[in-house]
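Colleague: With chain A's structure known, arrange chain B on it following the hints.
Protein chains: 2
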Amino acid sequence: MAEEAAVRAQAEAVRRLKQDKADPDEIAKEVTKLLEMKARLGGDEGKQKFVLKTPKGTRDYSPKQMAIRERVFNAIITCFKRHGAEVVDTPVFELKETLTGKYGEDSKLIYDLKDQGGELLSLRYDLTVPFARYLAMNKITNIKRYHIAKVYRRDNPAMTRGRYREFYQCDFDIAGQFDPMIPDAECLKIVHEILSDLQLGDFLIKVNDRRILDGMFAVCGVPDSKFRTICSTVDKLDKMPWEEVRSEMVGEKGLSPEAADRIGEYVQLHGGLDLIERLLQDPKLSQNKLAKEGLGDMKLLFEYLTLFGITGKVSFDLSLARGLDYYTGVIYEAVLLQEETVRVGSVAGGGRYDGLVGMFDPKGRKVPCVGVSIGIERIFSILEQRVEASEEKIRTTETQVLVASAQKKLLEERLKLISELWDAGIKAEVLYKKNPKLLNQLQYCEDTGIPLVAIVGEQELKDGVVKLRVVATREEVNVRRESLVEEIRMRTSRP
Amino acid sequence: MAEEAAVRAQAEAVRRLKQDKADPDEIAKEVTKLLEMKARLGGDEGKQKFVLKTPKGTRDYSPKQMAIRERVFNAIITCFKRHGAEVVDTPVFELKETLTGKYGEDSKLIYDLKDQGGELLSLRYDLTVPFARYLAMNKITNIKRYHIAKVYRRDNPAMTRGRYREFYQCDFDIAGQFDPMIPDAECLKIVHEILSDLQLGDFLIKVNDRRILDGMFAVCGVPDSKFRTICSTVDKLDKMPWEEVRSEMVGEKGLSPEAADRIGEYVQLHGGLDLIERLLQDPKLSQNKLAKEGLGDMKLLFEYLTLFGITGKVSFDLSLARGLDYYTGVIYEAVLLQEETVRVGSVAGGGRYDGLVGMFDPKGRKVPCVGVSIGIERIFSILEQRVEASEEKIRTTETQVLVASAQKKLLEERLKLISELWDAGIKAEVLYKKNPKLLNQLQYCEDTGIPLVAIVGEQELKDGVVKLRVVATREEVNVRRESLVEEIRMRTSRP
Numbered sequence: 001m002a003e004e005a006a007v008r009a010q011a012e013a014v015r016r017l018k019q020d021k022a023d024p025d026e027i028a029k030e031v032t033k034l035l036e037m038k039a040r041l042g043g044d045e046g047k048q049k050f051v052l053k054t055p056k057g058t059r060d061y062s063p064k065q066m067a068i069r070e071r072v073f074n075a076i077i078t079c080f081k082r083h084g085a086e087v088v089d090t091p092v093f094e095l096k097e098t099l100t101g102k103y104g105e106d107s108k109l110i111y112d113l114k115d116q117g118g119e120l121l122s123l124r125y126d127l128t129v130p131f132a133r134y135l136a137m138n139k140i141t142n143i144k145r146y147h148i149a150k151v152y153r154r155d156n157p158a159m160t161r162g163r164y165r166e167f168y169q170c171d172f173d174i175a176g177q178f179d180p181m182i183p184d185a186e187c188l189k190i191v192h193e194i195l196s197d198l199q200l201g202d203f204l205i206k207v208n209d210r211r212i213l214d215g216m217f218a219v220c221g222v223p224d225s226k227f228r229t230i231c232s233t234v235d236k237l238d239k240m241p242w243e244e245v246r247s248e249m250v251g252e253k254g255l256s257p258e259a260a261d262r263i264g265e266y267v268q269l270h271g272g273l274d275l276i277e278r279l280l281q282d283p284k285l286s287q288n289k290l291a292k293e294g295l296g297d298m299k300l301l302f303e304y305l306t307l308f309g310i311t312g313k314v315s316f317d318l319s320l321a322r323g324l325d326y327y328t329g330v331i332y333e334a335v336l337l338q339e340e341t342v343r344v345g346s347v348a349g350g351g352r353y354d355g356l357v358g359m360f361d362p363k364g365r366k367v368p369c370v371g372v373s374i375g376i377e378r379i380f381s382i383l384e385q386r387v388e389a390s391e392e393k394i395r396t397t398e399t400q401v402l403v404a405s406a407q408k409k410l411l412e413e414r415l416k417l418i419s420e421l422w423d424a425g426i427k428a429e430v431l432y433k434k435n436p437k438l439l440n441q442l443q444y445c446e447d448t449g450i451p452l453v454a455i456v457g458e459q460e461l462k463d464g465v466v467k468l469r470v471v472a473t474r475e476e477v478n479v480r481r482e483s484l485v486e487e488i489r490m491r492t493s494r495p
Numbered sequence: 001m002a003e004e005a006a007v008r009a010q011a012e013a014v015r016r017l018k019q020d021k022a023d024p025d026e027i028a029k030e031v032t033k034l035l036e037m038k039a040r041l042g043g044d045e046g047k048q049k050f051v052l053k054t055p056k057g058t059r060d061y062s063p064k065q066m067a068i069r070e071r072v073f074n075a076i077i078t079c080f081k082r083h084g085a086e087v088v089d090t091p092v093f094e095l096k097e098t099l100t101g102k103y104g105e106d107s108k109l110i111y112d113l114k115d116q117g118g119e120l121l122s123l124r125y126d127l128t129v130p131f132a133r134y135l136a137m138n139k140i141t142n143i144k145r146y147h148i149a150k151v152y153r154r155d156n157p158a159m160t161r162g163r164y165r166e167f168y169q170c171d172f173d174i175a176g177q178f179d180p181m182i183p184d185a186e187c188l189k190i191v192h193e194i195l196s197d198l199q200l201g202d203f204l205i206k207v208n209d210r211r212i213l214d215g216m217f218a219v220c221g222v223p224d225s226k227f228r229t230i231c232s233t234v235d236k237l238d239k240m241p242w243e244e245v246r247s248e249m250v251g252e253k254g255l256s257p258e259a260a261d262r263i264g265e266y267v268q269l270h271g272g273l274d275l276i277e278r279l280l281q282d283p284k285l286s287q288n289k290l291a292k293e294g295l296g297d298m299k300l301l302f303e304y305l306t307l308f309g310i311t312g313k314v315s316f317d318l319s320l321a322r323g324l325d326y327y328t329g330v331i332y333e334a335v336l337l338q339e340e341t342v343r344v345g346s347v348a349g350g351g352r353y354d355g356l357v358g359m360f361d362p363k364g365r366k367v368p369c370v371g372v373s374i375g376i377e378r379i380f381s382i383l384e385q386r387v388e389a390s391e392e393k394i395r396t397t398e399t400q401v402l403v404a405s406a407q408k409k410l411l412e413e414r415l416k417l418i419s420e421l422w423d424a425g426i427k428a429e430v431l432y433k434k435n436p437k438l439l440n441q442l443q444y445c446e447d448t449g450i451p452l453v454a455i456v457g458e459q460e461l462k463d464g465v466v467k468l469r470v471v472a473t474r475e476e477v478n479v480r481r482e483s484l485v486e487e488i489r490m491r492t493s494r495p
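The listed protein sequences derive, respectively, from chains A and B. Heads up, the final residue of the first sequence is numbered 495 in UniProt numbering, and it's a clean run with no missing numbers. Heads up, the final residue of the second sequence is numbered 495 in UniProt numbering, and it's a clean run with no missing numbers.
Looking at chain A on its own, in the form it has when it is part of the complex:
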């Protein structure tokens, strides 16, 4: 390449000048030239064989995607605040041992940091375990908080269905010793409010209780040692038919066919208060202490949900099991019912975990907790595809006015005006050109959705006015400079 040869020649010239101990100014001049030539060449040519991508299972958010994401966040945060939640934040990584023994088999999906000397660290897997660590560490026994942050799982990504390795969780939790089922009912109310608010179509919140499940396993003849593993198998009922689930129980997990069949009868049941009443009369289940406790609380929960007016979208479902180990009472999961959109599975889930904080407390002191996690990425996937399909135009800025000029040599005047607007709190932009064409300035407004243009010109400056143009209607009106801020505010205030 000719340019590269030129750089080499220049480098040689510099070398010779230095060798000859030439005038420092002379040398400096030639060095400068060399640096410029190198800069023009764009640096070291070997450096550019990058794989230009984000890590597997992750993605960037473009401004348009961020605009959709912020809408969703706003709806969720507004709801959390409506319920009086405080907000906390924790680091993205924890001591490795903090996460150890909390996630059962899923622990293999935890991202570890490299040992670079110092502590062994892992990226957080969810927000619940860091929350429990936070409570134990600060001896907090009573808090209602939300936390919105990214979590990390080395899972198999399925990006079109909103399954990522880096993804947001929006968690709301209530910690403290309270009268039964009042906080639990509020969590379900929150799920109901958020899913209604986001207009994702019809949805159903399935509810169950770990104690009912455990009681059911007991009366069906499942050995104690198999409760957790049979629970995991039951959890697959939303993805496979009963026959397959049954054969996994009997074949892989070694459960007796009779026990499996008894479970089969229970897990197909779902309903409301009527079903709860029926099961409270069930000759076997009603004899089991855990199941009876769970059913009693479930009845109370449904009474509260009736007061909240949301039982229409809540189903007591004996097949709901939830994967995570740490749940001890009520569990729930929300699914979207409409098939118009992509299948994303559950969009919210949670439950009661009364033992987790105690795992961190040196004396094992327990803090009862119940919470819910909103699956923002899945919701976001749906909304993103809906926006794509509708060709809805989404603004990515909130700019109220572009400061423009019709004639040349007015950059100074534009900068002076925009500075006034900024100082008055108006969201304003200006093209970074000395002499932009008016057409280009108007086009920029069309492209980005800026509703107003404030045009300065020789005549306007003389008259002490600014020409305000409404982009949509092309209407133009002269506004006295001292009234401009008020006029812009008035014309861009939301109804």
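None of these hints come from the bench; they were simulated from the model. Note that the structure is a prediction, hence the values are computed from the model and not measured. Just to be clear, a hint being listed does not mean it is correct.
Same chains, same names: a pair is fine if it fits in one copy or spans any two.
Unchecked claim - Computed cross-link-like contacts, PhoX-like style, restricted to lysine-lysine with a CA-CA straight-line distance of at most 20 Å:
no.: 1; residue 1: Lys363; residue 2: Lys56
no.: 2; residue 1: Lys292; residue 2: Lys29
no.: 3; residue 1: Lys56; residue 2: Lys96
no.: 4; residue 1: Lys18; residue 2: Lys56
no.: 5; residue 1: Lys313; residue 2: Lys416
no.: 6; residue 1: Lys96; residue 2: Lys33
no.: 7; residue 1: Lys289; residue 2: Lys408
no.: 8; residue 1: Lys236; residue 2: Lys434
no.: 9; residue 1: Lys363; residue 2: Lys53
no.: 10; residue 1: Lys18; residue 2: Lys284
no.: 11; residue 1: Lys416; residue 2: Lys299
no.: 12; residue 1: Lys253; residue 2: Lys366
Modeller: This is chain B only, laid out in the frame that chain A set:
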């Protein structure tokens, strides 16, 4: 057993470290090792002996701290949006090679992830390199965006001065080929607006240009191979006196004493347009092409800053160098001048980096960029300490009303009322007790700053009213149930 002996030896080692009051991190490391050894031995006693802490150099944010943090974020985001910025987000980690070769000596501070199979990953060190990667990857040549996110540096933490290993950066950048210094001036206007808005006391924005520095080095007789390292030494002038800086240049970096002295004359200069004019007449500097370019642009910059009315707080300062390698033009840094608060160093910084995107582009195509990063943690440290000192009471929720009852057995009525309020968008709480005492309910409002209490009682229910109590004045008024939402809104709307 040999393993048990090893555990005993390790326990002894830990005991001795504690006795010697060794570095807490060192102790933590050995304790971790001990716990792991115990865990391998299968003993249960290890399980709850967690070191209950966040990783070194990180911290949790309590609700109160979050309230302060959100104030600061709001001020910053409002400013970024006022200037028409879009927002993007990128993953917390990048391919390791994306970060390689961008930070010079600081690269040793990058956190790597453990190789668990798959790609080699590192936590982001700043938001600028991921931004450049994003532009190159998506072939974006023109964007104005902000990005607020955490970055990671394995640095020596100094937490009281706001120096953490995990910390937020708030970046605003303008990418694109524009007429000179207009975007650069806007970046400085933004720093000025944000620091004024946050009322952090008097501040100064120092400005320089890498081309002026390089030109200065050249005319002072610094060999071009030493430009970067001498630049790093100059960068220390805000922390050490000139004599020490000079001796580092001559001693460690092998610069001739004459060259160092010539630099010494320049770097003590600071001023405004007058200084720029003087240097443009400087017989040596004006002969250097780079310096001349830089000075010409600096003059233009100051003209724009004059139009923005902010030159009073901007100083052209030849001693400003900035650490990072990638700057190519204007650089700046904001410092707080008042000593009442803790010394935190610079609270904002940035500059022009026209070569960085080209390092990612397969064909080396450049996208000129200029940007600014706000040092939120340092600002946050100051505000937090100010709040502590003032004993200002900060609300951590936005709850407008507590739904309460004076008599027993009114839980159902409380839940029904609060559900109505939530559905109407009112921020409301209720105590999670079946029969809470009125005094406890009022006390909760005092503690958390809830301004109103909506009290239901037998009589009120009969009369179709709710008793609304103003916590501050103890005033009580009966409000018809259908007017309650409006009444609460009216009484809690901000002036």
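Colleague: Between the shortest in-copy and the shortest cross-copy C-alpha distance, which are at most 20 Å for lysine 18 and lysine 284: within, between, both, or neither?
Modeller: between (62 Å within a copy, 19 Å between copies)
Colleague: At 20 Å max between alpha carbons, let me know whether lysine 56 reaches lysine 96 within a copy, between copies, both or neither.
Modeller: Result: close only across copies, 13 Å inter versus 22 Å intra.
Colleague: If the cutoff is 20 Å on CA atoms, where do lysine 18 and lysine 56 land: within, between, both or neither? Let me know, please.
Modeller: within (18 Å within a copy, 43 Å between copies)
Colleague: Between the shortest in-copy and the shortest cross-copy C-alpha distance, which are at most 20 Å for lysine 253 and lysine 366: within, between, both, or neither?
Modeller: neither (32 Å within a copy, 60 Å between copies)
Colleague: My question is about lysine 289 and lysine 408: at a cut-off of 20 Å on alpha-carbon distance, are they close within one copy, between copies, both, or neither?
Modeller: Neither: 85 Å inside a copy, 30 Å across copies.
Colleague: Regarding lysine 292 and lysine 29, is the shortest C-alpha distance of 20 Å or less found within a copy, between copies, in both, or in neither?
Modeller: between (55 Å within a copy, 12 Å between copies)
Colleague: Classify it for me, lysine 363 with lysine 56: is the Cα-Cα distance of at most 20 Å met within a copy, between copies, both or neither?
Modeller: neither (41 Å within a copy, 24 Å between copies)
Colleague: Check lysine 416 against lysine 299 for me: Cα-Cα at most 20 Å, and say if that holds within a copy, between copies, both or neither.
Modeller: between (68 Å within a copy, 17 Å between copies)
Colleague: Within a copy, between copies, both or neither: which one fits lysine 313 and lysine 416 at a CA-CA cutoff of 20 Å?
Modeller: between (57 Å within a copy, 18 Å between copies)
Colleague: Are the CA atoms of lysine 96 and lysine 33 at most 20 Å apart within a copy, between copies, both, or neither?
Modeller: For lysine 96 and lysine 33, only the inter-copy Cα distance (12 Å) is at most 20 Å; the intra-copy one is 28 Å.
Colleague: When no copy is named, should lysine 236 and lysine 434 be tagged within, between, both, or neither for a Cα gap of at most 20 Å?
Modeller: Close neither inside one copy (64 Å) nor across copies (37 Å); limit 20 Å.
Colleague: Since the copies are identical, ignore which copy is meant and state whether lysine 363 and lysine 53 lie within 20 Å (CA to CA) inside a copy, between copies, both or neither.
Modeller: between (47 Å within a copy, 16 Å between copies)
In summary, the numbered hints that this structure violates are 1, 7, 8 and 12.
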